[in-house]
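Make a model of the complete structure from these sequences and hints.
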Amino acid sequence: MKKLNILFLAFIVLFAFSCDEQLELQPEQSLSTTDALADLAGLQTALFGAYDGIQQTNYYGREFIVIPELEADMVYLTIDNSNRFVQNYSYQLTSDNGDFTGMWNDAYETILRVNNIINNIDDIEGDATTKNQLKGEALALRALAHFDLVRYFAKPYTNSNPTSDPGIPIILEAKIDEPARNTIDEVYNQVISDLNAARPLLADVGFDRFSPNAIDALLGRIYLYKGDNAMAVQKVAAVIGTGQYTLADNFQEMFAGPGSSEEILTLRFTSLENRGSDNLGSIYNPQGYGDVRVSQDLIDLYETTDQRAADIYMHADGEMYQSKFFEQDGINGLQSPKLLRLGEMHLIRAEANFKLGNTTDALDEINALRAARSASELTEVTLDVILDERARELAFEGHRSFDLFRNNVTMVRDQCNTGIELNGPCSIDPSNPLAVHPIPQRELDVNQNMTQNPGYN
Amino acid sequence: MKRLSLVLMLAFASFSVLVAQRSISGTITDESGDALIGATILVKGTTTGAVTDIDGSYSLDVPAGSDVLIFSYTGYGTQEITLGASNVVDLQMAPDAQLLNEVVVTGYSEIERKKLISSVAVVDDAAIENIPLTDVNQLVQGRAPGVFTTANSGQPGAQQQIRIRGTGSITGGRNPLYVIDGIPIEQGNFAQEDGSYNQTDILANLNPNDIANITILKDASATSLYGSRGANGVVLITTKKGKVGKTEVTIKGQLGTTQPQVGNFNMMNPQQWLDYERTVLRNSGLDETAVLDRRPNSLLDNTNDWVDAAFRDGTTYNIEAQARGGNDKTRFFGSVGYFDQEGTQITSQFDRVSARLNVDHFASDKLDFSLNFNSTYTQQNNAVNGNRFQSPMLGAFINPPTQGAVNPATGQLYTGLESDWASITNDNFLYSFPINYTNINQFRLLGKLAMNYNITKNLRFTQTGNVDWITIEEADWNDPTTNDGENLGGSLDNSFRNVRTLTTQSLLKYFTDFGDHSINVLGGFEYQRTRNIGFRAFGSGYASGRLQTLNSAAEANGTPAGSATAYSFVSLLGQANYNFKGKYGIQASFRRDASSRFGANNRWASFWSVGASWNISDEPFMQNGFFDNLRLRVSYGTTGNANGIGNFPSQELYAFDVAYNNIPGNRPSQIGNPDLTWEKNQNGNIGVDFAILNSRIGGTVEIYRRTSTDLLLNVPVSSTSGFTSATRNIGEMKNEGLEITLYGAPFKANTPGGFNWNVDFNISWNRNEITSLPDGEDILNGSQIWRVGKPIRSQFFQEWAGVNPADGTPLWSDGEGGTTGSYNSAPRLIVGNAEPDFIAGLTNSFTFKGFTLSAFIYTAQGHQIYNSSRRFVESDGQRFGWNHIVEAAEGIWTQPGDNAIRPQPLPGGNSAANSRSSRFMEDASFIRLRNLSLGYSLPKSITDRLNLSRVNIYVQGVNLWTQTDYTGFDPEADEDGVEFFRYPVGKSLTLGLDVTF
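For the record, the sequence lines run as chains A and B. Using the working numbering, the first residue of the first sequence is number 181, and each one after it goes up by one. Using the working numbering, the first residue of the second sequence is number 241, and each one after it goes up by one.
Because the hints were derived from the structure by calculation, they are not lab data. Since we're looking at a predicted model, the values are computed, not measured. The beta-carbon is built from N, C-alpha and C at its ideal position, and this holds for glycine as well. Misleading hints may appear alongside valid ones.
[As the list claims (entries may be wrong)] To list a few chain B residues with every Cβ distance to chain A over 10 Å, as calculated:
#1 269
#2 856
#3 893
#4 964
#5 1093
#6 1135
[Said to hold, decoys possible] If you want a taste of the chain A side facing chain B, the calculated C-beta under 7 Å gives, among others:
#7 205
#8 211
#9 229
#10 260
#11 450
#12 596
#13 636
So, in structure tokens, the structure goes:
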């Protein structure tokens, strides 16, 4: 009897230990980080994952393009709205705003995705050209994400004390940490150094990924934001000088889909990435939410001949809408945002030249662009003229509030509180703390070294 | 495994003993002297037994060496009779009053209540039978002390939350382990994690009328045998078994209605709405012409009550046949049932077809088998949450009452896409919701076969194999003519999932009585493996709404998704019980567990418990008789928790669920932690059971302390890391509580059929406190804070300080006794706790002649709910154009000096006044008449004439009455204490008939 019990127990124990292998289960839909990044193919996949990172709705999917417009004067939020972006238009900004938190999280998630490429690629065997391309694009995406964060969450470089005012934390490696904010200047330096490191590694593999020209174009914008106008002119001139890009013959057609002659870098959204009502254009289209409508302030800027005004139309309800982001591939509101295009390059060079005192060059450049858009020739150039031209050319593309505040210009809504739009302030001075977004409360809650922007605590 | 069992059996086949026998016979009668048919007589310590026949007589052969017979009959006290010289044993049995002899299932074994050391709560079938609720958890609500159940949704078949003795984990799993007929089973929601569904519960695939009892294990002496999965308590569900005797067939029929209840939530009527919105416009500075232009009187021409339109009275049907019977060799219980319940929200519905067969077969004195086989198929039309345009939960409160449902131009329902449709959803749910469905069809098969072999008279071996097979098919259709489907030309989301769990259990039990000593020893091995695979595909572009398969889609919308995951547990367990003279008992349990979920560094863990009991009333010094029963029980032990952290929490992972330009991408999806291991619980329990006045009054008082350490915590981290949280073993928490259960019989009949009044009462207090966090630092989690010294459900918001009389803007507390008008500078403070101070349940039941009346009242007191819905319908103009609650227009600021309750309403809102703050925090104490039933059994004289055994007719009411000051839909919110346009539970009335042949 006893013997059998012992036998039985021994059996159980043996069975238990043989079961150890039953406990070695591996995930079937994920790979360990080591496996995922073990070869060049894995890193290639990781790069596409990083491009996916900037496509999220809180980033270039919608919010990062719509919010800089709604916090300015060229569009308004209708009074009967779906309650998106209410805080932004009415400037009741709070640090628990989900759009700001989302942008912060998504940008840093993208940074993690590229850091894992940048910090692993040198240890991987493989073709040097492919490796360079991967590393170059990863560095460029890292620069883009840092730049977008610093312009969204910190004071403009040109309207701050960049070497002492806080920017955002620079993150160069995967680490769970509580980083403090680097200064604005440090962030710009890092961004520029990443882009300079990326450029020689890259070949041009298409307008929907980073190319050497896209690096120069982005650097041009960054130097303009930084107030280094000579460098801005130099970088933009390099892009324009390639002759690879030409201004579109038909402005409307350019926005019908990706791939026009102006595009230097376009973030491509395919029909498989249709987000329905959350497509970029659906916030403008009456078939979608249709909440954001065109302000008289913008309409008044256009001459009737101007091709760019044709994007604005009156809907059945008597209000003015825009159709720039109307559809793509037949899908309502779907849009592949043109992150860098030739029209902006001309405007960058004109503005930088103007600030360098080369007013003739600036005026000529503006007029050349206006001619291409069927607008009349101007006779003088001022900062206001340039800003107005930017408003016309880059309407709804996510530039307006940055352009005003980095130039220390007050945001003024002439169409204001008429009853058709949501109540909101009719002007915001660049010195108003609300001109800078709050650091997300969530980040402050978990990061002891994080500091809030003035006016939010 | 199987092979060894065979060897074991062979080895012991030769042990059979040939002995002399004696024959015993007799008659068993009930308290009134009538024959008891089907009473069981068992020779103690053996499986030899007999059953009384139609005259109540029996006879059986008792092996030599055995001299004790055990007489039992459901509802009557089990009696042990020691054989004397006579070979005739007649017995009059008495109804069981004290339940002391009741056998309690404690998981791997069973024990008589008088020997019980553990803290358990038992809810038997009488309390749950015929209540038309879909889910087991709803049935135990308020019935068992220390068990807090809340309904997240009124959707029939929706998931319930159940917390046993408080919340034991912060971000790990907090649900108990469910065990059906001895086997741990899968639980929870297996439908897509879409976020827009009301979460389903696979437990709704169990027919509650198949349940014999539900036993809830609360302290470590009971739960430590479940080791790494016992920390949050264990819910043991035992299904009905066959009975020896004539086969009884019962036909059950029910017809009922469920009515919506939206509590104290009142939306504006068209005139109120128009007046209020005009006020908002005037406040923005518009002149009267402009105001009337935007909100003209013509809006009153075509109106609708959207709340009324979103809800309905739902009908419930249930038809069911049960059969049970058997002889001394084989007993069975079988049932088939069809249950159909309409929810109170339009189109929401749940039906269930279930079949069960439980068979026990005694092949010989040594070998017996038991089979439990259950298959169920449920179909649910899920009421989707408010993140879809078509959701009635959204439309009911967003659609302005001045928007009619019917388009006067066409005489048809608006689709919502018309340009004159005023609601921002661009959708008329009355049109879209009936044609856009979300079907979740779940099939579950639970099959268990157990083989028991008595190796010797005292040693019993049990080998069990169990299959838990769940299949889920889902179809989510959006018609091309509706807003949710229009953009894609109609869309279909189809998915299929299969979850199978295989369990094998080997148990060896040894039991012996010698002299005053009684010993029970249990040892066993358990292996369980679960695999979960599924795929999902989307189609879009449908020529018409008439073809609704993926085949008829013009194109794939998005890439098809597929997933596969698995986990396993390997366990060894043992338990020893010793009892001396029936007075002193001690018990020790041990379990060693390993799980694939944890890193190799920390894969195995051991759990244990010790417990003791003392029957004080059996001591000589207590024999003066005040106490019929007085028992003291103490226990201490450990358990673990390995749930709610995914299947691979220890690994650093990359997921491949992203793409750019249609080329697949990957992304870091999880921070690794190779040291991750079980959350540990230490449980102490002291309980006293008592009964006085001939057991007419009795009860149990228990106190406990449950300490949870190495908490599995999704610690929020700086998102500069690219992650928002990391799972770590960190922090400590404790739950302390007091539970009191009382029963009494204020009125007891002296004759059968006389007036009886029974009272059952339970009340429990639980205090939760976080006792340690990393570096003692607060962790903020959305609207809640985890702070040392504070309960886990501490609500952490800006504190509302009313309206500034000067300008009608909002004020918040500045935390220093003053106020501030800036939301951003107002500090967050702990302003409430979502856990009730106490919960209690009171049941009064009366019987007279054939009538039974039972009323069950349930209450939870002292908890706060954040009524988040109000932010949207009392938004001071921010949600301009939506509907508003009537109160939104009351007490608003109009001129300087007003001491207003609500700020001046402005389009876009007034200075973020409706941002998250204690303004919307409310006391949610409530008292609810949870169940009221009135039944009547036809007298025997009539049933005999009809050739029937029993006929019962009854009326059941659920949630008929609620008393609360809470202004939301339902004060029974989930544990987070946040209510946000939830599908409220309804109140129901059901008429039923049970006929037994």
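Results of checking the hints against the structure:
1. With a closest Cβ-Cβ approach of about 43 Å to chain A, residue 269(B) is found to remain outside the 10 Å limit, as its non-interface label requires.
2. At the 10 Å boundary, the C-beta of residue 856(B) stays outside the reach of chain A, the nearest C-beta of that chain being 36 Å off.
3. Separation of residue 893(B) from chain A is inadequate, the least Cβ-Cβ distance of about 4 Å not exceeding the 10 Å criterion.
4. Distance check for residue 964(B) against chain A: the nearest CB is about 6 Å away, which does not clear 10 Å, and the non-interface claim fails.
5. In this structure residue 1093(B) is separated from chain A by more than 10 Å, as the shortest Cβ-Cβ distance comes to about 51 Å.
6. For residue 1135(B), the non-interface assignment is confirmed: its Cβ lies about 19 Å from the closest Cβ of chain A, beyond the 10 Å cut-off.
7. The restraint placing residue 205(A) at the interface with chain B holds, with a minimum CB-CB distance near 4 Å, inside the 7 Å limit.
8. Given the 7 Å rule on beta carbons, the hint for residue 211(A) holds: about 5 Å separates it from the nearest Cβ of chain B.
9. Of the supplied interface hints, the one on residue 229(A) holds, with its beta-carbon coming within about 3 Å of a beta-carbon of chain B, less than 7 Å.
10. Contact between residue 260(A) and chain B, as hinted, is supported at the beta carbon level, the nearest pair being about 4 Å apart and thus within 7 Å.
11. Checking residue 450(A) against chain B: minimum C-beta separation of about 5 Å stays under 7 Å; hint holds.
12. For residue 596(A), the interface hint is violated, since its Cβ never comes within 7 Å of a Cβ in chain B; the closest pair sits about 11 Å apart.
13. Contact between residue 636(A) and chain B, as hinted, is supported at the beta carbon level, the nearest pair being about 5 Å apart and thus within 7 Å.
In summary, the numbered hints that this structure violates are 3, 4 and 12.
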